[in-house]
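> From just these sequences and the hints, can you work out the full model?
Here the protein sequences line up with chains A and B, keeping their order. With the numbering used here, the residue at position 85 of the first sequence is 85, and numbering never jumps. With the numbering used here, the residue at position 178 of the second sequence is 178, and numbering never jumps.
Check each hint, because a few of them may be wrong.
The list treats identical chains as interchangeable, and a pair is accepted whether it falls inside one copy or across any two copies.
[Claimed, not checked] EDC-like mimics (lysine to aspartate or glutamate), calculated; alpha carbons at most 16 Å apart, straight line:
(1) 167 to 210
(2) 167 to 15
(3) 66 to 48
(4) 187 to 174
(5) 64 to 48
(6) 178 to 218
(7) 60 to 18
(8) 82 to 33
(9) 187 to 229
Worth flagging that the hints you see were computed from the coordinates, not collected in a lab.
There are 2 protein chains.
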Amino acid sequence: MNIILASTSTLFGGDYLEYLREEITNLFQGIDEIIFIPFARPGGISHEDYTQKARSFFEKINIKVKGLHEFDDKIAAVNNAKGFFTGGGNTFLLVKTLHEENLMSILKNNVENGKPYLGCSAGSNIGGQNMKTTNDMPIVYPSGFDCMGLVPFNINPHYLDPNPELKHNGETRETRIKEFLTQNDLKVVGLREGNWIRGKNNKITVEGTELTRIFEKDKEPYEIKPGTEL
Amino acid sequence: MNIILASTSTLFGGDYLEYLREEITNLFQGIDEIIFIPFARPGGISHEDYTQKARSFFEKINIKVKGLHEFDDKIAAVNNAKGFFTGGGNTFLLVKTLHEENLMSILKNNVENGKPYLGCSAGSNIGGQNMKTTNDMPIVYPSGFDCMGLVPFNINPHYLDPNPELKHNGETRETRIKEFLTQNDLKVVGLREGNWIRGKNNKITVEGTELTRIFEKDKEPYEIKPGTEL
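Listed below in structure tokens is the structure:
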């Protein structure tokens, strides 16, 4: 396996994917074309415009990008691809589309057989066991919440620490994940911005600049350092 | 119809339901017992403990509270009830439970026939057309997202304005609701904390201390004042 599941595509004040440039170059070494999966459509952007955004980054590292929406036979396109990048946006929309097009298991098989995969945010959520720890709004109803399960846990991208100054009674991210654990027995990786999960061969580590917060059933949450194996 | 759909149960620094005491007294006038629906289980609290929390407030205004989980025949309990209060928590868990127990349409019929209904947060979401504008984490998979539709729009409780100082790339609430509108043509009422929707007879107004932000397809979001009819 050869994957990166990143918390975010863009650091505050930075350019799209720029903080991951070296990692991405390394991930896709020897590959000159990838398929971009634009279905999460952040802010409702069109598939075309979103693919163009990905293309603008990847042309800087000499990798061509085709949008999966461009293909009539998307299953064949995934099977024939050399690598994949799934962009962020709305996880419900992404998962609904992948299930409707019967692409979730096809993509999983291709990645598990060694094709490099980059996910950001929603694109990282689908690398987990299921999408039950997404932060996104359920704007559409998917036929199921199951995802690729490339890693044996769930991811919470854009993990945000409670802000003690906020005079607001919406639940904190930690409260939400603890609610998840009352209904599910599955590890959750709270991935702060600036961090990513790296899977290579059989080793899965957390990388980046920040500590990572881990949630497990009936345990106090705890922090792990970059480089720690998951 | 005689309903209150509130953004939150508790204002910052205040006690549970206290800011709504006068409104709640008015809503349940002439009624000495209500059924509390505890299924949203905030933070994973038990049905019993959550019902006790509601009971502690309602005994101050001389209204008895029974938890819906106490009844073997929950449909009969709803049909025999004099009024209802659904507490906040996780909307996915609440909606899943109501659908599993075939209670969503029973509750709707009872409220539409005039029994008073109070909802807070998740309990307000289920008064809308569907739960596609909840802020909650999808910790369980409900058999559908449809709700009671007591009002001809959707609600976004705990509506939060974008914070320009936040160095974080998670979507703002406004971005999320705009994503909803790319997939759905339905008005969304962004209900800030301190505000509630009041439905009495055929009139629906927004009440409270704050402006309310309204989102509609292909329109710029706009603000309405307390007292405005919806």
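> Could you work out which of the previously given hints the structure breaks and list their numbers from low to high?
Going through the list in order, the structure violates no hint and respects every one.
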